[in-house]
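Student: Read off the chains here:
There are 2 protein chains.
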Amino acid sequence: MRVAFLGLGIMGHAMAANLVKAGHEVTVWNRTPGKMVEGAGIAPNPAAAAQGAEVVWLCVSDTAAVEKILFGADGVEQSLTEGMIIADSSTISPSATVKFAEKLRSKGVSYVDAPMTGSKIGAANAALIFMVGGEVAVIERLNPLFEAMGKKIFRMGETGKGQATKLAMNLQIALIFEGFAEALTLATKLGVDPRQLVSLIEATMVRSGVVEYKAPFVLQRDFTPNFPLRLMHKDIRLTLEAAKEARVKLPALETVEEIYDLATEEGHRDLDYAATLTLLEKWAGIQVKGEAA
Amino acid sequence: MRVAFLGLGIMGHAMAANLVKAGHEVTVWNRTPGKMVEGAGIAPNPAAAAQGAEVVWLCVSDTAAVEKILFGADGVEQSLTEGMIIADSSTISPSATVKFAEKLRSKGVSYVDAPMTGSKIGAANAALIFMVGGEVAVIERLNPLFEAMGKKIFRMGETGKGQATKLAMNLQIALIFEGFAEALTLATKLGVDPRQLVSLIEATMVRSGVVEYKAPFVLQRDFTPNFPLRLMHKDIRLTLEAAKEARVKLPALETVEEIYDLATEEGHRDLDYAATLTLLEKWAGIQVKGEAA
Chain H
881 MRVAFLGLGI MGHAMAANLV KAGHEVTVWN RTPGKMVEGA GIAPNPAAAA
931 QGAEVVWLCV SDTAAVEKIL FGADGVEQSL TEGMIIADSS TISPSATVKF
981 AEKLRSKGVS YVDAPMTGSK IGAANAALIF MVGGEVAVIE RLNPLFEAMG
1031 KKIFRMGETG KGQATKLAMN LQIALIFEGF AEALTLATKL GVDPRQLVSL
1081 IEATMVRSGV VEYKAPFVLQ RDFTPNFPLR LMHKDIRLTL EAAKEARVKL
1131 PALETVEEIY DLATEEGHRD LDYAATLTLL EKWAGIQVKG EAA
Chain U
881 MRVAFLGLGI MGHAMAANLV KAGHEVTVWN RTPGKMVEGA GIAPNPAAAA
931 QGAEVVWLCV SDTAAVEKIL FGADGVEQSL TEGMIIADSS TISPSATVKF
981 AEKLRSKGVS YVDAPMTGSK IGAANAALIF MVGGEVAVIE RLNPLFEAMG
1031 KKIFRMGETG KGQATKLAMN LQIALIFEGF AEALTLATKL GVDPRQLVSL
1081 IEATMVRSGV VEYKAPFVLQ RDFTPNFPLR LMHKDIRLTL EAAKEARVKL
1131 PALETVEEIY DLATEEGHRD LDYAATLTLL EKWAGIQVKG EAA
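The listed protein sequences derive, respectively, from chains H and U.
For what it's worth, this note's numbering labels the leading residue of the first sequence as 881, then goes sequentially.
For what it's worth, this note's numbering labels the leading residue of the second sequence as 881, then goes sequentially.
Chain H on its own, in the form it takes in the complex:
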């Protein structure tokens, strides 16, 4: 298929490369120039990239970026053609997604929200899992592209439900990790060996994919960013905004947001979100060997 791929961050770059590898005709664009994907054309702006494309795929940072790329100066809107599909793998507002889709529908363009999970390794290995919102027939037309980039898609409902699901998923990641961090802090302060606690967790129903993935880094005190704190913070805020719009109360997530606010004040925004643990440790007066107080 002829695909315009907009946004060449860590995830987007790997996804676009996998589309090229699968034989699709890809043109890329990135806000910051200088990025490219081998075998893909490069366009100077979103409108140029979308010119003649059957599918425009977005993977950018937030709601405002998606809006600008679609409807701003030199935006995709300039190059819309009837039957075109716009797919968005960014994590953005579900309600804004519905508005964008409505605006485009009047021009005969379909909109699919397709945020994903699987980290940069999943993106590189075409092993992403997509949470998709949109019409069944439209999603089916995208199947060759999904297959080139991921291992599984879950259709969550009409347009917007993919984003709603993504927020519900990240909310859980944030709370599972917070539970692990609070447990580790309490147990450590009470004299329990963190390694032994992790072994126990993995042998019981307390086990989780999140702790399985994060615990080795935490035990090695390695907070280099895999999923940076500032991005999880952004997703938490987005989730609380969506919850407020929908009149849903999320008490534990609200509390976790405060911890991310404080972690940001402490200068941890570019570390992994696991660095929220260090705040709890600081409050508890835990001094980790070899780390500054």
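Simulated from the structure, these hints should not be mistaken for lab results.
No residue lacks a Cβ here, since even glycine has one placed at the ideal position from N, Cα and C.
One or more of the hints may lead you astray.
[Said to hold, decoys possible] Where chain U lies over chain H, by a calculated footprint (3+ residues, C-beta under 8 Å):
#1 900 to 909
#2 933 to 941
#3 955 to 963
#4 1045 to 1053
#5 1056 to 1067
#6 1071 to 1080
Put chain U on the given structure of chain H with help from the hints.
Tutor: Just chain U, lined up with the frame of chain H:
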């Protein structure tokens, strides 16, 4: 071994029965009379049960109950002999555990805290996992009993560390479930099918032993107690008390305690702790088909 088993709740009863099955000489006692275990003797009070026992095993409701059984009228204290081991599988205060152990040490009695995980099915099938605090040599002497009741023991350190670990484990269960409940509420309000959300969770790193176990009940709206809300509430309070003593801040758990307070006010204390979900749904104005508003 000659064992006094004190406390025949759902867990204790199954554990004592497994000790009998493994050939141990068991005498039981329960606060409320009338309970018995086939093949075990019955004693009228803790002192009588402990008479001549090598090991006294407790499995009761809270710190006060353990204290009363050990040191109250007709308590185990009356029947202490040098070399006796007291093992406690209740979930109680780590600091009180240390105090009890110190009091008993002067009389030549060893104390092991051995709370467990594995639910009533694990207790019935001798598949419990014990988190144990105590001296290595003492724990080794208890191995035949652990083997009769459980599938694995994790030594977490000296006396008190088993309880510290248990609190850290239940804290995580409470927060993982709260994350699931908040996610489910938000996703449902935004129009996502709860069953599809659960399928997605199970396919990603958001998966957990807690959701794997609880989701089928939640999807069927079955809140009959497996782990009653009032017991999880008790454990959360115990954890926050232990955290306060140790000067540890647990912000998300504090928030979750408020939800349990409110769920108790709503009359849900004897339902499963999963019924905390219904509060979030009520606040969000979600009306579940077939349930009263």
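Student: Would you mind marking each hint as holding or not holding in the structure?
Tutor: Do the hints match the structure? See the list:
| no. | hint | in the structure |
| --- | --- | --- |
| 1 | 900 to 909 | violated (count 0) |
| 2 | 933 to 941 | violated (count 0) |
| 3 | 955 to 963 | violated (count 0) |
| 4 | 1045 to 1053 | holds (count 7) |
| 5 | 1056 to 1067 | holds (count 10) |
| 6 | 1071 to 1080 | holds (count 7) |
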